Amino acid sequence: MGFYILSYLCIAVFALATLYRIYRQMTMPVHVRWEIYPVQHETSAKVAYGGSYMEEIDWWEKKQEKSLLGELLYMVPEILFIRGLWKENRGLWWVSFPFHFGLYMMIATVILLLGHAGFTLWGSTVFSAGSTLRTLLDGFIAVMGWGGLILGNIGSLGLLYRRWTDAELRNYSSPVDYFNLLFILLFFLSALVSCLSGDPFLEGAKAYVMGLLTGGHPLNAHVPGRSISGIVAIVSASLLVAYIPLTHMSHMFMKYFLYHNVKWDDAPNRRGGGIEAAVRKNLNLRPTWGAKHVGADGQKTWLDIASSAPTEEKK
Amino acid sequence: MNKPLNPSDLARPSECLCHIEPGELPPLPPPYEDFNQTAIPPLKPDKIKNIEASLDDTVAIGIPKPANKQEEEELVRRFLAGLQKLFEKNNNWTFLQPLMLSMEHCAKCQTCSDACPIYEMSGKKDIHRPMFRAEVLRRIYNKYLKPGGKITAKFTGDIDLNWTTIARLAELSYRCTLCRRCATVCPIGVDNGLINHEIRKLFSQEMGIAPKEIHDKGTVQHLRVGSTTGMTPAAAKDSMEFIQEEMEEITGSKVEVPWDVEGADILLLHNAGEMLAWPENVGAFAIIFQAAGLSWTLSSEAAGYDAVNYGLWYDDVQFSRVAVRHADIARRLKVKKIVVGECGHAHKALTVIADRLLTGDLNIPRESAMVTLEEIVLKGKIKLNPSRNNFPVTLHDPCNIVRAMGIVEPQRRILRKIAPKFREMTPHGVMNYCCGGGSGFAIMSGYNFAEWRNLVSSRKKFLQILEAFKDEPREVPKYVCAPCSNCKGAIRDIIGYYSAEERSRLYYGGLVELIVNAMADMKKPMIRFGDEPSWTS
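Residue numbers (the numbering used here), protein chains in the order written: chain A, 1 to 315; chain B, 1 to 537.
Incorrect hints may appear among the rest.
Stretch-level coverage of chain B by chain A, calculated; a stretch enters the list once three of its residues show a Cβ under 8 angstroms from a Cβ in chain A [stated by the list, open to error]: (1) 220 to 228; (2) 396 to 404.
In silico contact screen, one side only, chain B against chain A (beta carbon under 7 angstroms); selected entries [stated by the list, open to error]: (3) P98; (4) V317; (5) T359; (6) P427; (7) H428; (8) G429.
Computed cross-link-like contacts, BS3-like style, restricted to lysine-lysine with a CA-CA straight-line distance of at most 30 angstroms [as the list claims (entries may be wrong)]: (9) B:K460 <-> A:K300; (10) B:K49 <-> A:K292; (11) B:K254 <-> A:K300; (12) A:K281 <-> B:K334; (13) A:K87 <-> B:K3; (14) A:K87 <-> B:K470; (15) B:K146 <-> A:K281; (16) B:K47 <-> A:K63; (17) A:K255 <-> B:K150; (18) B:K150 <-> B:K44; (19) B:K254 <-> A:K292; (20) B:K254 <-> B:K237; (21) A:K62 <-> B:K212; (22) B:K417 <-> B:K383; (23) A:K292 <-> B:K85; (24) A:K63 <-> A:K281; (25) A:K63 <-> B:K336; (26) A:K281 <-> B:K337; (27) A:K292 <-> B:K421; (28) B:K89 <-> B:K3; (29) A:K62 <-> B:K150; (30) B:K460 <-> B:K470; (31) B:K336 <-> B:K237; (32) A:K281 <-> A:K300; (33) B:K334 <-> B:K381; (34) B:K65 <-> B:K124; (35) A:K255 <-> B:K85; (36) B:K417 <-> A:K63; (37) A:K255 <-> B:K154; (38) B:K421 <-> B:K523; (39) B:K383 <-> A:K300; (40) B:K69 <-> A:K292.
The set of hints was computed from the structure by calculation and includes no laboratory data. If you're wondering where the values come from, they're calculated on a predicted model, not measured in any experiment. Backbone N, C-alpha and C fix where the C-beta goes; we use that ideal spot for every residue, glycine too.
Generate coordinates for the entire structure from the input sequences, incorporating the hints supplied.
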């Protein structure tokens, strides 16, 4: 039961940390525009060369065309295949891609395992032993799981090797960068060893996920700890789930905000609109910057200061 | 020899942390090989004895050394106070979210380094990696402002904080042109250029430290006198009268320059530097707008005849003051829109960044002159004879107009129509390289900074220009079209520094000059290559 409690705690930390990160982004004050082109929700004709709506005469009189499809067409390959790295840093891509894709496949495996546990708990004949659905799901889990483990091991070993041997990367790496990779490698390696030790269809993982859903009910749940590698895989996976959102590795999902809220945030401020209301609110904030020319005293607002001359002028 | 430098080395005492030896810079092609062994001229000891000059071979700010230990400690304390304020909503709502996202998610993959022209052209010196200075700030923040930071720093990346660290970091923030090419290539979306911008802000807004060219002679003078050039409203009008006369020689007819016309459709904002350094640019706008029959005006009010906003590069407060001044002038003139002339940073400042600062009736529509000019040229509002521009032309893309605003094609469509020998640089558009004069560099020339700029930060652009014209014979005059005042300044300086007019017959200018040069009813050419007119009637 101790393993399940650890997993529950780690999942709770993950959920809380992720929600906190997202909440913090959602409640940030509206910032000034800092987009960079190409902005992928522009029309496909403009995306092709990095153009914007500001290329149009009297653009403010026209409806801004935005293409969600354009964003998806860019983001999906970017997230799945790390396209930016392929284009700009090919040498690193060869190890970064298997690392990231291995992680994605493990996430997909967990989703399939949850499906498997759900169907089992449902108890329908549709999912009885030997049924087409069960055979298919078992097959998907095996393919996804093995694929993820193989790619993940190659990727984490490769990234570790590159970070260690490439002077350009090593010079800027701190102990925690190596720790993170070793930590992830520990999971991939222990899980791979576990599967290689007589569990090619991830039966242990299926039972463990079932146990997670049922609170470790002994009739349905795998009893963890049958092998050292199994223990290490469960413990490291649980801890990783909790650890990732606490580190820069949260870029896996925080990338959304980096792109949508900064790089592609080209929404113009229109009179009477929501952005204008948010800007007015910001202009009532009271800065405390210390340089003389700013003239901030903690009482004056941004609006007061922006409408005034630099302090040096008032000698 | 390249000795690797780590961000923590910034705190290490040394006379010069990063020195470039002759021959370390990427080679230039013939006939410029004689510059390949040129070194940055050494700083004069008597000029730098009282200022911080231990980062590299040049000085941008010239920060006075603290007189004693107490003063040093006070400066460190103020730095940390400023750093804290960067992460506070009331102090930095303008950039809080972009800053936090970039501070927290860098994977240190170094993809950004190869995209940076200064890193490449410095001979790949570590201090010029875009993430180097960002990593210094991250380490200081994590160690000195986060709870338990002094313990976790041993694992996450350590750095000592002393006056040397701070003063070098201030200088280092003026070795990046804020072109943001690094941000374009980051797979995660991290913007190390933005972090550099925030470092500059910290020093200016909290400690009052900024290069005098962009603060004292820049924004402060702009707000006090009316222009960063020092030009008063009366002087601006005088200059325009002179320019009018010059233009009338070209057109052979009267050129009107409307001032302070209430209710005009367009308020045209020029970089006032054009009136002094490139008066033909300002004159060309007048000729084109008059010929196209536009309703437009200039403003003679202080700051209304100078579109620049140097605050964009280093100080949100100064930025806001200038932007509000510009918008207020347009509001009182009751114009329908502001058109920003050929000035890249003024484009971004007033159109994009100030967009979330100006509210209510200050939020007057702003448009790029590239767009206005495209409408005139492509809709046939002026009569053109493109064969008058029958010389090789290439286009420099100002980062602030192209990468930061997505205004890429209007200027190209114009050039394709009026310049039969137009060719692109490689790469161009949103992946262009900075002229090397961005973020204030073009107007900074204290100590030996101008030499550093010509040898290092503008080097990539020079190579690109040479490459664009490599198939043209030496004796053929070639025109670099740079629709931005700062870019023109940087390109003027590299042409002069490398004697490229004599060696390659390189000339430069704006877009409007090319348009007027191709106007069918002009009596004289606007563009001359030295003493040689670009066309004869």
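In ascending order, which of the hints set out earlier in this document are inconsistent with the structure? Per hint list: 6, 7, 9, 11, 16, 18, 19, 21, 27, 28, 29, 39 violated.
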